[in-house]
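S.K.: One-letter residues, chain by chain:
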Amino acid sequence: MLYMPPMKGFLGTGATFGADLNLVVQLIMGTALIAGARLAKHKRYKAHGICQTTVLLLNLFMIGLVMWPSFRQQVKPALSKGLHKWYYEVAMLHALLGTTAELLGLYIVIAAGTNVLPRWLRFRHWKWWMRTELVLWVIVLLSGIGTYCAWYVAPFQ
Amino acid sequence: MTGKNVWVASFAAAVVIAIVLQLAGSPSVAANDQSSAANAEVKIDNFSFGPQTVTVPVGATVTWTNRDDIPHTVVSTDGLFNSKVRDTDEKFSYTFAKAGTYPYYCSVHPKMTGKVVVQ
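Listed in order, the protein sequences are those of chains A and B.
By the numbering used here, the letter at position 130 of the first sequence is numbered 130, and the numbering carries on one by one without gaps.
By the numbering used here, the letter at position 62 of the second sequence is numbered 62, and the numbering carries on one by one without gaps.
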């Protein structure tokens with residue numbers, strides 16, 4: 001049985017193609033979320049909803065395609081030994097914050113865009129929660145860039 | 001002892017010393033060669049395997065040691081061996097039972113490649 005090495009990345013670091021693609025997609029999605037927030041400010045709520053929902057679902061796809069497999073291969077085996085190295089700590093922090101942001105985002109989309117949830121499960125302060133989600137997303141994006149640098153960019157480069 | 005006898009004795013002594021050195025020295029040289037080839041070491045440092053190609057005899061064990069400050073793996077392209085993620089200073093060893101050429105790579109950083117030649 002032949003094992004094909006993962007495709008090499010295109011950003012000139014040591015990363016796989018998947019990791020490089022994920023980084024570029026995440027930067028585009030971060031920009032799209034900020035643009036989507038501006039749509040709401042201009043009262044274009046339908047476009048705002050479509051934009052933020054698309055980013056959220058695309059991120060879910062990227063988690064399944066790139067981030068979860070990488071986490072399972074590279075970080076999960078080290079969890080039993082404790083997070084004894086900084087590169088595991090930054091990846092774990094990114095995973096925890098990222099999971100929180102994704103779940104909160106999905107909750108906001110379901111609560112704001114559908115009637116699936118009963119009334120008592122919906123929140124009231126929409127703007128506050130959406131702004132909190134945006135800030136959290138930016139923090140996750142920055143921690144993701146940190147994780148990428150820690151794992152794939154050699155100190156000498 | 002005459003001058004002729006001195007020369008004969010010196011020649012005989014030289015021949016005896018040469019034979020003794022040959023008998024005593026050769027096996028140890030051969031043993032050292034075998035030893036170094038059978039226990040090949042590959043260092044993982046600065047996002048590369050060093051040496052990139054290592055040649056060993058059949059039955060030799062190759063040990064990879066991660067000297068980098070980031071985890072790496074050692075994965076054979078033909079599926080012969082597949083290490084888990086190795087942290088800094090952790091090792092992975094594999095014994096090669098058959099002759100052949102075995103290319104390998106790091107699955108975390110696919111630019112990192114190496115080769116084990118088993119003769």
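A couple of the hints might just be wrong.
Lysine to aspartate or glutamate pairs mimicking DMTMM-like chemistry, simulated, CA-CA at most 20 angstroms apart [said to hold, decoys possible]:
#1 A:K81 - B:E41
#2 A:K76 - B:D87
#3 A:K8 - B:D45
#4 A:K81 - B:E90
#5 B:K43 - B:E90
#6 A:K43 - B:D89
#7 A:K81 - B:D78
#8 A:K85 - B:D45
#9 A:K76 - B:D69
#10 A:K85 - B:D87
#11 B:K111 - A:D20
#12 A:K85 - B:E41
#13 A:K81 - B:D87
#14 B:K111 - B:D78
#15 A:K76 - B:D45
#16 B:K84 - A:E89
#17 A:K76 - B:D78
#18 A:K85 - B:D78
#19 A:K8 - B:D78
None of these hints come from the bench; they were simulated from the model.
All values reported here derive from a predicted model rather than from experimental measurement.
S.K.: When you check the alpha-carbon spacing of K43 (chain B) and E90 (chain B), does it fall within 20 angstroms?
M.R.: holds (11 angstroms)
S.K.: Are the Cα atoms of K43 (chain A) and D89 (chain B) separated by 20 angstroms or less?
M.R.: Between K43 (chain A) and D89 (chain B) the Cα gap is close to 57 angstroms, so the pair fails against 20 angstroms, i.e. violated.
S.K.: Can the restraint linking K111 (chain B) and D20 (chain A) be considered satisfied, given a maximum Cα separation of 20 angstroms?
M.R.: holds (13 angstroms)
S.K.: Would you check the hint for K8 (chain A) and D78 (chain B), treating anything up to 20 angstroms between C-alpha atoms as holding?
M.R.: holds (18 angstroms)
S.K.: K111 (chain B) and D78 (chain B) were given as a pair; does the straight-line alpha-carbon distance stay at or below 20 angstroms?
M.R.: holds (17 angstroms)
S.K.: Going straight from one Cα to the other, do K81 (chain A) and E90 (chain B) come out at no more than 20 angstroms?
M.R.: Satisfied, since the Cα-Cα distance of roughly 13 angstroms is no more than 20 angstroms.
S.K.: Below or equal to 20 angstroms on CA atoms is what counts here, so check K85 (chain A) against D45 (chain B).
M.R.: holds (17 angstroms)
S.K.: Taking 20 angstroms as the top limit, are the C-alpha atoms of K76 (chain A) and D45 (chain B) close enough?
M.R.: Not OK: K76 (chain A) and D45 (chain B) at ~23 angstroms, beyond 20 angstroms, violated.
S.K.: Against the 20 angstroms threshold, does the CA-CA distance of K81 (chain A) and D78 (chain B) hold or violate the hint?
M.R.: violated (30 angstroms)
S.K.: Below or equal to 20 angstroms on CA atoms is what counts here, so check K76 (chain A) against D87 (chain B).
M.R.: holds (13 angstroms)
S.K.: Are K8 (chain A) and D45 (chain B) close enough, with their CA atoms no more than 20 angstroms apart?
M.R.: It holds: about 19 angstroms lies between the C-alpha atoms, which stays within 20 angstroms.
S.K.: For a C-alpha distance cap of 20 angstroms, please report whether K76 (chain A) and D69 (chain B) respect it.
M.R.: holds (18 angstroms)
In terms of the numbered hints stated before, the structure departs from hints 1, 6, 7, 12, 15, 17, 18, listed from lowest to highest.
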